[in-house]
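Construct the complete structure from the given sequences, taking the supplied hints into account.
Read top to bottom, the protein sequences are chains A and B.
Mapping to our numbering: the first sequence position 18 is 14, numbers consecutive.
Mapping to our numbering: the second sequence position 120 is 116, numbers consecutive.
No wet-lab data here; the hints were simulated from the structure.
Where is the CB? At the ideal position from N, CA and C, for every residue including glycine.
Worth double-checking, as some hints may not be accurate.
Claimed, not checked - Below, a list of computed lysine to aspartate or glutamate pairs in the EDC-like style, where the Cα atoms sit at most 20 Å apart:
1. Lys30(B) with Asp116(A)
2. Lys157(A) with Glu133(A)
3. Lys29(B) with Asp90(A)
4. Lys157(B) with Asp132(B)
5. Lys30(A) with Glu1(A)
6. Lys29(B) with Asp3(B)
7. Lys157(A) with Asp132(A)
8. Lys29(A) with Asp3(A)
9. Lys29(B) with Asp116(A)
10. Lys29(B) with Glu46(A)
11. Lys29(A) with Glu174(B)
12. Lys30(A) with Glu47(B)
13. Lys30(A) with Asp62(B)
14. Lys29(B) with Glu47(A)
15. Lys30(A) with Asp3(A)
16. Lys157(B) with Glu133(B)
17. Lys29(B) with Glu1(B)
18. Lys29(A) with Asp176(B)
19. Lys30(A) with Asp82(B)
20. Lys29(B) with Asp82(A)
21. Lys30(B) with Glu46(A)
22. Lys30(B) with Glu1(B)
23. Lys157(B) with Asp120(B)
24. Lys30(B) with Asp82(A)
25. Lys30(B) with Asp3(B)
26. Lys157(A) with Asp120(A)
27. Lys30(B) with Asp62(A)
28. Lys29(A) with Asp90(B)
29. Lys29(A) with Glu1(A)
30. Lys29(B) with Asp62(A)
Stated by the list, open to error - Derived list of chain B stretches under chain A, where covered just means 3 residues or more per stretch with a C-beta under 8 Å from a C-beta of chain A:
31. 9 to 20
32. 28 to 36
33. 58 to 64
As the list claims (entries may be wrong) - Calculated Cβ distances over 12 Å to all of chain B for the following chain A residues:
34. Gly53
35. Leu123
36. Ala127
Next come the chains, spelled out residue by residue.
Protein chains: 2
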Amino acid sequence: MASQEIDALTSALARLPGFGPRSARRAVLHLVKKREGALAPLRAALVAVEERLATCGICGNVDTTDPCGICTDPRRDDRALCVVEDVSDLWALDRSRLFPGRFHVLGGRLSALEGIRPEDLAIDSLLARVAGGGVDEVVLAMNATLEGQTTAHYLAERLEKFPVRLTQLAHGLPVGGELDYLDEGTLAQALRARRPVA
Amino acid sequence: MASQEIDALTSALARLPGFGPRSARRAVLHLVKKREGALAPLRAALVAVEERLATCGICGNVDTTDPCGICTDPRRDDRALCVVEDVSDLWALDRSRLFPGRFHVLGGRLSALEGIRPEDLAIDSLLARVAGGGVDEVVLAMNATLEGQTTAHYLAERLEKFPVRLTQLAHGLPVGGELDYLDEGTLAQALRARRPVA
Ligand SMILES: [Zn+2]
Ligand SMILES: [Zn+2]
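Pasting the structure below:
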């Protein structure tokens, strides 16, 4: 075996998080043995996502439409806005189905170490959304890391002047924990017990 | 988020061996965030493999050419033929780079329980290859399972009439072990110490 094409597929899979060379080989073997049942559907799904992939101009979510499905969902509550560091956090919170409002993706967190400053994050667009009115509560759903909490404090200062309630996720999050790695039960608890920013 | 296309991609990945819903979600997120660096290469690799996928008419290997790369490799030794149950076993042995000859994939093993009989396996084509001459040694590289060893014994009887040396992998394989799960060192040892069938 080891044709150029099969090697390329193995390498591409091996670079996915959670995959290594060995599991990639097993996956490739599964794919080539189940051409109709596994390879074709995966190829079709990848092509469809790639063709339609878009970053939402409103919230920064990655979806197959712009604006994204969350921003255009009429059942969602415009009055609650949940700010997250990353798209993965948005997805994690959205899966919990406990937050009925909209989201805003910063695209990272402030980091002196990595030289990430406020102007590197989607903060101006956040302030514009809040300034636009109609928002009652902003949930600062940063990771429970030092940098995440620094970012939350920075945002709290910038948002102080607006007539909105600032809340953050309950400190039930494990210290150093990243939202995206938490089970949905922990996330649900943290979201239910969210409290005003001190 | 959870657009139809992204859900479909998550499901397709979650069905790969070694993947579950959670790791599939992380992989999808990685793909949508690295459209050029991860999604496009994976899509291209899948398309290329799917377009060219073929089962070798000589040995039963799955490759992007028919005959496969092993059957057409002029550096390989026609005199040694290694018979394996499955394509995954061929790939595992081929990775060890210790077997210089050709392969033959049976497509399974005899199983009274599952009703798999000799005529369900690529045994006639194996006998034809050996009858064609030029083969000095046939390695019966079945799995070290009861069914694998039953299959090896059956093949040994069918091949008895040919002037070939029948060998099997050294019994260093863990009992019940499947070739494809072994590390390459164990495989290499078993292949180096292969011995005549008693
Ligand atoms: Zn959006
Ligand atoms: Zn072949």
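Structure-based check of all given hints:
For the hint linking Lys30(B) to Asp116(A), the alpha-carbon distance of about 19 Å falls within 20 Å, and the restraint holds. A C-alpha spacing of about 13 Å is found between Lys157(A) and Glu133(A), which places the hinted pair at or below 20 Å, so the restraint holds. The hinted pair formed by Lys29(B) and Asp90(A) meets the criterion: a straight-line CA distance of about 17 Å does not exceed 20 Å. Straight-line distance between C-alpha atoms of Lys157(B) and Asp132(B) comes to about 13 Å, which keeps the hinted pair within the 20 Å bound.
This hinted pair checks out: Lys30(A) and Glu1(A) have alpha carbons roughly 17 Å apart, not beyond 20 Å. The straight-line distance between the Cα atoms of Lys29(B) and Asp3(B) is roughly 16 Å, inside the 20 Å bound, and the hint therefore holds. With a C-alpha separation of about 13 Å, the suggested pairing of Lys157(A) with Asp132(A) holds against the 20 Å cut-off. Our distance criterion of 20 Å between C-alpha atoms is met by Lys29(A) and Asp3(A), whose separation comes to about 16 Å.
Distance restraint check for Lys29(B) and Asp116(A): the Cα-Cα separation of roughly 17 Å lies within the 20 Å cut-off, and the hinted pair is therefore satisfied. Between Lys29(B) and Glu46(A), the direct Cα distance comes to roughly 11 Å. Compliance with the 20 Å bound is thereby established for this hinted pair. Distance hint between Lys29(A) and Glu174(B) is fulfilled; the C-alpha atoms sit about 18 Å from each other, no more than 20 Å. This hinted pair checks out: Lys30(A) and Glu47(B) have alpha carbons roughly 14 Å apart, not beyond 20 Å.
Distance hint between Lys30(A) and Asp62(B) is fulfilled; the C-alpha atoms sit about 18 Å from each other, no more than 20 Å. With a CA separation close to 14 Å, the supplied pair Lys29(B) and Glu47(A) stays within the 20 Å bound. Taken as a hint, the Lys30(A) and Asp3(A) pair is honoured in the structure, with Cα atoms around 17 Å apart against an allowance of 20 Å. Between Lys157(B) and Glu133(B), the direct Cα distance comes to roughly 13 Å. Compliance with the 20 Å bound is thereby established for this hinted pair.
Between Lys29(B) and Glu1(B) the alpha-carbon distance is near 15 Å, which keeps this suggested pair within the 20 Å criterion. Simply put, Lys29(A) and Asp176(B) have alpha-carbon atoms about 15 Å apart, close enough for the 20 Å limit, and the pair holds. Straight-line distance between C-alpha atoms of Lys30(A) and Asp82(B) comes to about 14 Å, which keeps the hinted pair within the 20 Å bound. Simply put, Lys29(B) and Asp82(A) have alpha-carbon atoms about 10 Å apart, close enough for the 20 Å limit, and the pair holds.
Distance restraint check for Lys30(B) and Glu46(A): the Cα-Cα separation of roughly 10 Å lies within the 20 Å cut-off, and the hinted pair is therefore satisfied. Between Lys30(B) and Glu1(B), the direct Cα distance comes to roughly 17 Å. Compliance with the 20 Å bound is thereby established for this hinted pair. A hinted pair counts as satisfied when its Cα atoms are at most 20 Å apart, and Lys157(B) with Asp120(B) qualifies at roughly 14 Å. Distance check on the hinted pair: Lys30(B) and Asp82(A) sit about 14 Å apart at the alpha-carbon level, within 20 Å; holds.
A hinted pair counts as satisfied when its Cα atoms are at most 20 Å apart, and Lys30(B) with Asp3(B) qualifies at roughly 17 Å. Between the alpha carbons of Lys157(A) and Asp120(A) the distance comes to roughly 14 Å, so the proposed pair stays at or under 20 Å and holds. A distance of roughly 18 Å separates the Cα atoms of Lys30(B) and Asp62(A); the hinted pair therefore holds under the 20 Å criterion. For the hint linking Lys29(A) to Asp90(B), the alpha-carbon distance of about 17 Å falls within 20 Å, and the restraint holds.
Distance check on the hinted pair: Lys29(A) and Glu1(A) sit about 15 Å apart at the alpha-carbon level, within 20 Å; holds. A threshold of 20 Å between alpha carbons decides the hint, and for Lys29(B) with Asp62(A) the separation of about 15 Å falls inside it, so the pair holds. Counting residues of the stretch 9 to 20 of chain B whose CB lies closer than 8 Å to any CB of chain A gives 7, which reaches the minimum of 3, so the coverage claim holds. Residues of the stretch 28 to 36 of chain B with a Cβ under 8 Å from some Cβ of chain A number 6, which satisfies the need for three, so the listed coverage holds.
For a cut-off of 8 Å, the count of residues in the stretch 58 to 64 of chain B with a CB near a CB of chain A stands at 5, and the three-residue condition holds. Distance check on Gly53(A): its Cβ is at least 15 Å (rounded) from any Cβ of chain B, clearing the 12 Å threshold; non-interface status holds. The claim that Leu123(A) lies off the interface holds: its Cβ sits roughly 24 Å from the closest Cβ of chain B, which is beyond the 12 Å cut-off. The beta carbon of Ala127(A) sits about 25 Å from the closest Cβ of chain B, which is more than 12 Å, so the claim that it is off the interface holds.
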